[in-house]
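Number of protein chains: 2
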Amino acid sequence: MKKYTYPVLFDFVTNVLQKMGLSEDDAARCAKVFLAAEMRGISTHGVIRLSDYFKLWEAGRINVTPDIRVVHESPSTAVLDGDGAIGMLPSVKGMQMAIDKAQTAGTGWVAVRNSSNFGISGYYAMMALQHDMIGFASTNASPLVAPTFSSKAMLGTNPIAIAVPAGQQPPFVADFATTPVTRGKLTVAAKKGEKIAFGYAQDADGNPTNDPTAIEHGGSMLPLGGDREHGSHKGYCLGATVDILAAVLSGANFGPFVPPMMSYLPLLDEKSGEGWGHFFGAMRVDAFMPVEVFKRRMDKWIEVMRNAPPAKGQQKVLIPGDPERENEERIAREGVTLLPQVIADMRTIAEKTGVAFE
Amino acid sequence: MKKYTYPVLFDFVTNVLQKMGLSEDDAARCAKVFLAAEMRGISTHGVIRLSDYFKLWEAGRINVTPDIRVVHESPSTAVLDGDGAIGMLPSVKGMQMAIDKAQTAGTGWVAVRNSSNFGISGYYAMMALQHDMIGFASTNASPLVAPTFSSKAMLGTNPIAIAVPAGQQPPFVADFATTPVTRGKLTVAAKKGEKIAFGYAQDADGNPTNDPTAIEHGGSMLPLGGDREHGSHKGYCLGATVDILAAVLSGANFGPFVPPMMSYLPLLDEKSGEGWGHFFGAMRVDAFMPVEVFKRRMDKWIEVMRNAPPAKGQQKVLIPGDPERENEERIAREGVTLLPQVIADMRTIAEKTGVAFE
Numbered sequence: 001m002k003k004y005t006y007p008v009l010f011d012f013v014t015n016v017l018q019k020m021g022l023s024e025d026d027a028a029r030c031a032k033v034f035l036a037a038e039m040r041g042i043s044t045h046g047v048i049r050l051s052d053y054f055k056l057w058e059a060g061r062i063n064v065t066p067d068i069r070v071v072h073e074s075p076s077t078a079v080l081d082g083d084g085a086i087g088m089l090p091s092v093k094g095m096q097m098a099i100d101k102a103q104t105a106g107t108g109w110v111a112v113r114n115s116s117n118f119g120i121s122g123y124y125a126m127m128a129l130q131h132d133m134i135g136f137a138s139t140n141a142s143p144l145v146a147p148t149f150s151s152k153a154m155l156g157t158n159p160i161a162i163a164v165p166a167g168q169q170p171p172f173v174a175d176f177a178t179t180p181v182t183r184g185k186l187t188v189a190a191k192k193g194e195k196i197a198f199g200y201a202q203d204a205d206g207n208p209t210n211d212p213t214a215i216e217h218g219g220s221m222l223p224l225g226g227d228r229e230h231g232s233h234k235g236y237c238l239g240a241t242v243d244i245l246a247a248v249l250s251g252a253n254f255g256p257f258v259p260p261m262m263s264y265l266p267l268l269d270e271k272s273g274e275g276w277g278h279f280f281g282a283m284r285v286d287a288f289m290p291v292e293v294f295k296r297r298m299d300k301w302i303e304v305m306r307n308a309p310p311a312k313g314q315q316k317v318l319i320p321g322d323p324e325r326e327n328e329e330r331i332a333r334e335g336v337t338l339l340p341q342v343i344a345d346m347r348t349i350a351e352k353t354g355v356a357f358e
Numbered sequence: 001m002k003k004y005t006y007p008v009l010f011d012f013v014t015n016v017l018q019k020m021g022l023s024e025d026d027a028a029r030c031a032k033v034f035l036a037a038e039m040r041g042i043s044t045h046g047v048i049r050l051s052d053y054f055k056l057w058e059a060g061r062i063n064v065t066p067d068i069r070v071v072h073e074s075p076s077t078a079v080l081d082g083d084g085a086i087g088m089l090p091s092v093k094g095m096q097m098a099i100d101k102a103q104t105a106g107t108g109w110v111a112v113r114n115s116s117n118f119g120i121s122g123y124y125a126m127m128a129l130q131h132d133m134i135g136f137a138s139t140n141a142s143p144l145v146a147p148t149f150s151s152k153a154m155l156g157t158n159p160i161a162i163a164v165p166a167g168q169q170p171p172f173v174a175d176f177a178t179t180p181v182t183r184g185k186l187t188v189a190a191k192k193g194e195k196i197a198f199g200y201a202q203d204a205d206g207n208p209t210n211d212p213t214a215i216e217h218g219g220s221m222l223p224l225g226g227d228r229e230h231g232s233h234k235g236y237c238l239g240a241t242v243d244i245l246a247a248v249l250s251g252a253n254f255g256p257f258v259p260p261m262m263s264y265l266p267l268l269d270e271k272s273g274e275g276w277g278h279f280f281g282a283m284r285v286d287a288f289m290p291v292e293v294f295k296r297r298m299d300k301w302i303e304v305m306r307n308a309p310p311a312k313g314q315q316k317v318l319i320p321g322d323p324e325r326e327n328e329e330r331i332a333r334e335g336v337t338l339l340p341q342v343i344a345d346m347r348t349i350a351e352k353t354g355v356a357f358e
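Sequence order for the protein chains is C and B. For the first sequence, the numbering used here assigns the number 1 to the initial residue and increments by one for each residue that follows. For the second sequence, the numbering used here assigns the number 1 to the initial residue and increments by one for each residue that follows.
Rather than coming from a laboratory, the hints here were simulated on the basis of the structure. Do not take every clue at face value.
Note: identical chains are not told apart, hence a pair may lie in one copy or across any two.
Quick list of in silico lysine-lysine cross-link-like pairs, DSS-like style, CA-CA up to 27 Å [said to hold, decoys possible]:
{"#": "1", "residue 1": "352", "residue 2": "55"}
{"#": "2", "residue 1": "32", "residue 2": "55"}
{"#": "3", "residue 1": "192", "residue 2": "352"}
{"#": "4", "residue 1": "55", "residue 2": "3"}
{"#": "5", "residue 1": "3", "residue 2": "32"}
{"#": "6", "residue 1": "312", "residue 2": "192"}
{"#": "7", "residue 1": "300", "residue 2": "271"}
{"#": "8", "residue 1": "185", "residue 2": "32"}
With the sequences and hints as input, model every part of the structure.
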């Protein structure tokens with residue numbers, strides 16, 4: 001299978017975004033997030049998504065020269081209006097603002113409205129690490145997930161990312177959808193003609209199903225926990241909390257009103273705000289204790305967990321972020337593998353824009 | 001079954017705590033949290049726990065005249081040392097401090113160390129509501145839960161509470177352990193000789209089990225998600241995040257080092273800090289948008305979710321906090337029911353302290 005290097009893909013994405021009308025700096029800001037997903041092995045959020053934005057742009061549904069504005073502010077908070085931009089732009093700005101506020105106020109919390117899909121949450125949370133801060137990032141998304149006891153998709157897979165710096169140990173980086181699995185896992189199973197585990201999805205009446213295509217026929221995904229007996233109401237609480245912080249509090253569309261990222265889907269008749277919503281946070285470690293003391297404590301936390309006895313048949317306990325870091329090392333060495341369909345999509349974009357892609 | 005009124009139980013708890021040496025104000029502060037648990041129908045955290053503290057006090061393992069001190073501070077953060085107090089005391093103070101900081105900085109975040117079990121998390125998160133703030137509360141706890149892929153209990157059930165004010169609608173109040181069920185559910189099943197669902201617990205080797213007594217024989221509870229296939233690594237991330245914020249960042253004992261709340265269990269040989277740790281947060285709504293606008297938006301969010309079509313066989317979708325509020329209305333009317341064993345425990349305490357209990 002053909003492998004691509006970071007610079008080749010970075011240049012391609014940057015050049016395409018510039019052809020769409022983004023400034024060189026903005027294009028590079030977005031490309032870094034696309035590439036971070038590829039390098040961390042989260043290819044579902046990598047360059048495969050470039051065509052979604054490209055088609056949205058063709059449909060006139062994305063603003064490539066946004067005026068991203070602060071609309072509300074306090075010493076430790078802010079709300080940004082993304083002006084209909086590609087999600088990465090107000091997100092990088094929002095997280096940077098959270099970090100800046102944390103420098104003076106101890107913590108910074110920024111809600112963003114009028115945005116769109118921002119790629120991987122972990123990218124933004126990890127921006128805090130180099131400042132010896134703990135980072136948070138989350139976003140709402142188009143409805144796919146039913147609240148416990150409902151048959152209808154009312155919430156997105158609303159991911160949460162948390163990044164915590166350590167000393168000798170690599171940082172703790174959790175980044176997870178508030179569902180048992182991502183939508184991508186259902187798509188892959190559907191393409192392979194495989195069944196999925198119960199607890200991932202339900203049919204249009206709200207009955208449990210192992211059919212990965214159920215969500216294409218009026219069904220929905222289930223919150224983390226899967227069913228009420230296994231705590232799906234807690235997954236629903238988490239997804240709801242993300243929606244409230246990212247959208248109710250920012251002025252974005254919430255719940256079932258979040259607009260689709262697919263250009264072939266019509267915009268919804270009703271709005272409850274502007275675009276998608278995100279929520280970012282940064283907490284300066286030394287607003288709580290000296291950085292060196294914290295890092296020693298965090299190293300010990302990581303070592304203790306990593307050395308916990310494995311369950312029978314398991315090799316080792318992982319620290320959140322371990323698998324993605326291992327992917328990064330491997331992919332930096334081997335290059336990025338793109339699926340044939342993604343390569344075909346990139347070639348289509350290449351033809352339309354005149355940017356070379358091989 | 002005998003029913004007790006709020007004032008009767010409140011007076012009893014307050015008088016017992018004063019006999020133990022707490023000031024009248026401190027005793028009342030603690031009693032309010034015990035009673036809030038009873039009134040909200042969370043009797044596992046109600047007066048049943050008074051005997052745990054009483055026995056800890058008899059064993060000289062609780063400080064009834066604590067000097068609760070601020071040990072670190074920034075405009076939006078603080079760390080409190082609870083001086084070995086009953087958990088409610090530094091917790092009420094910590095949450096109040098988060099609220100006070102939010103008044104000036106927009107948000108306030110307080111980590112507490114050298115504390116103990118604080119009762120129900122929701123009580124502290126809800127303190128924010130009357131100030132038109134969003135409240136957060138969480139705590140670590142004695143190890144009961146195994147990280148994904150481990151056979152050993154390394155984390156507590158580490159609950160998270162989030163309270164969000166609304167306008168016409170009652171507030172959103174989520175309060176949940178980061179496990180599929182609470183330990184109480186296992187205890188009840190064990191007493192009844194019933195099996196539990198798979199996904200709650202594992203045996204000492206890390207094999208799935210439906211035996212509720214497994215955790216008494218070297219087994220452990222599982223994180224929210226239940227198994228890796230259903231996202232238990234996400235429940236592990238949540239429990240880990242609570243442990244890091246509440247304990248690594250505050251200077252409390254973390255992970256497997258959290259001391260037991262049962263006086264019959266020996267203190268651990270190794271420490272990683274002081275006592276239990278908690279983490280509290282308050283975000284002023286109008287640090288993001290005008291309160292009235294937010295409350296209208298939150299009302300709509302609640303109405304939209306409540307009116308989502310129910311799954312086949314289900315009556316309605318619940319908003320987090322609905323069941324506890326319904327309990328409060330019913331229990332305020334009918335009184336608090338105590339289990340015979342709890343009544344017996346209270347009588348023992350009554351005899352020892354000379355405080356009347358009928």
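Cross-check of the supplied hints:
1. 352 - 55: This pair counts as within: shortest intra-copy Cα distance 11 Å, inter-copy 76 Å.
2. 32 - 55: Within one copy only: 20 Å inside a chain, 57 Å across chains, cut-off 27 Å.
3. 192 - 352: neither (31 Å within a copy, 69 Å between copies)
4. 55 - 3: within (25 Å within a copy, 65 Å between copies)
5. 3 - 32: Close inside one copy (18 Å), not across copies (63 Å); limit 27 Å.
6. 312 - 192: Result: close neither inside a copy nor across copies, 30 Å intra and 29 Å inter.
7. 300 - 271: Cα proximity of residue 300 and residue 271: across copies only (12 Å, versus 48 Å in one copy).
8. 185 - 32: Only inside one copy: residue 185 and residue 32 sit 24 Å apart there, 47 Å across copies, limit 27 Å.
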